[in-house]
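Student: If you read the protein sequences in the order shown, they are chains U and H.
First residue of the first sequence? That's 1 in the numbering used here, and the numbers climb one at a time after it.
First residue of the second sequence? That's 1 in the numbering used here, and the numbers climb one at a time after it.
Warning: the hint list may mix true and false statements.
Each computed DSSO-like pair below joins lysine-lysine, with the alpha-carbon atoms no more than 27 Å apart [claimed, not checked]: (1) K98(H) <-> K45(H); (2) K108(H) <-> K42(H); (3) K42(H) <-> K79(H); (4) K68(U) <-> K42(H); (5) K98(H) <-> K78(U); (6) K98(H) <-> K79(H); (7) K45(H) <-> K2(H); (8) K2(H) <-> K42(H); (9) K78(U) <-> K108(H); (10) K79(H) <-> K68(U); (11) K78(U) <-> K68(U); (12) K2(H) <-> K98(H); (13) K24(U) <-> K2(H); (14) K24(U) <-> K42(H); (15) K68(U) <-> K24(U); (16) K98(H) <-> K42(H); (17) K24(U) <-> K78(U); (18) K98(H) <-> K24(U); (19) K98(H) <-> K68(U); (20) K45(H) <-> K108(H); (21) K42(H) <-> K78(U); (22) K79(H) <-> K2(H); (23) K45(H) <-> K79(H).
Hints were generated in silico from the structure; no laboratory data involved.
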Amino acid sequence: DAGVIQSPRHEVTEMGQEVTLRCKPISGHDYLFWYRQTMMRGLELLIYFNNNVPIDDSGMPEDRFSAKMPNASFSTLKIQPSEPRDSAVYFCASRRVAGGGTDTQYFGPGTRLTVL
Amino acid sequence: RKEVEQDPGPFNVPEGATVAFNCTYSNSASQSFFWYRQDCRKEPKLLMSVYSSGNEDGRFTAQLNRASQYISLLIRDSKLSDSATYLCVVSSLSGTYKYIFGTGTRLKVLA
Numbered sequence: 001d002a003g004v005i006q007s008p009r010h011e012v013t014e015m016g017q018e019v020t021l022r023c024k025p026i027s028g029h030d031y032l033f034w035y036r037q038t039m040m041r042g043l044e045l046l047i048y049f050n051n052n053v054p055i056d057d058s059g060m061p062e063d064r065f066s067a068k069m070p071n072a073s074f075s076t077l078k079i080q081p082s083e084p085r086d087s088a089v090y091f092c093a094s095r096r097v098a099g100g101g102t103d104t105q106y107f108g109p110g111t112r113l114t115v116l
Numbered sequence: 001r002k003e004v005e006q007d008p009g010p011f012n013v014p015e016g017a018t019v020a021f022n023c024t025y026s027n028s029a030s031q032s033f034f035w036y037r038q039d040c041r042k043e044p045k046l047l048m049s050v051y052s053s054g055n056e057d058g059r060f061t062a063q064l065n066r067a068s069q070y071i072s073l074l075i076r077d078s079k080l081s082d083s084a085t086y087l088c089v090v091s092s093l094s095g096t097y098k099y100i101f102g103t104g105t106r107l108k109v110l111a
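Could you put together the complete structure from these sequences and hints?
Tutor: Okay, structure coming up:
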């Protein structure tokens with residue numbers, strides 16, 4: 001299995017620009033999670049989906065952040081407009097719960113975002 | 001107060017040493033507990049789940065104390081390759097699948 005795939009791996013942009021992060025979960029996984037990691041705050045859950053439906057977006061910091069999952073194999077996290085304080089590593093993770101899945105969340109390699 | 005708290009370290013220990021990390025959690029209704037390992041500039045990976053009766057995986061032993069709301073991880077005979085950040089993870093209420101991550105404890109094993 002290819003694992004969770006994220007793109008781009010690195011993104012450098014200027015304040016005010018739109019940023020789109022992409023994620024392909026492991027095939028057959030029914031839950032998808034977006035996290036943000038910074039030195040100060042650690043790993044924070046932003047939003048998660050079950051069968052492509054957003055279940056809890058209480059971690060999304062503000063309206064500048066939005067996430068979609070149009071199908072079982074693709075999700076995006078968009079920041080518009082971006083700000084320097086959005087600089088962080090963004091991880092996508094997936095998990096299979098239905099049909100006797102395990103507790104394990106599998107993380108992608110992350111997107112390192114720098115907003116200048 | 002954070003939901004999951006860990007000593008950030010770093011813990012610098014010589015090869016072969018035994019080292020222990022603790023983690024406390026605030027929500028007494030938490031259902032599941034884990035230790036994840038994160039190498040520098042990499043993604044977190046599951047190290048082991050933590051069961052009520054305690055569990056062992058090779059050199060690693062995890063314990064759960066529900067009464068005091070803490071989790072521990074013991075590493076025996078430390079190897080250089082154990083150098084990493086160890087993240088304590090607690091699930092939130094039953095029926096949801098939110099994991100709350102601690103900020104991690106950094107371990108450096110010295111030759």
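Student: Check each numbered hint from earlier against the structure, then list the numbers of those it violates in ascending order.
Tutor: 6, 9, 10, 13 and 22
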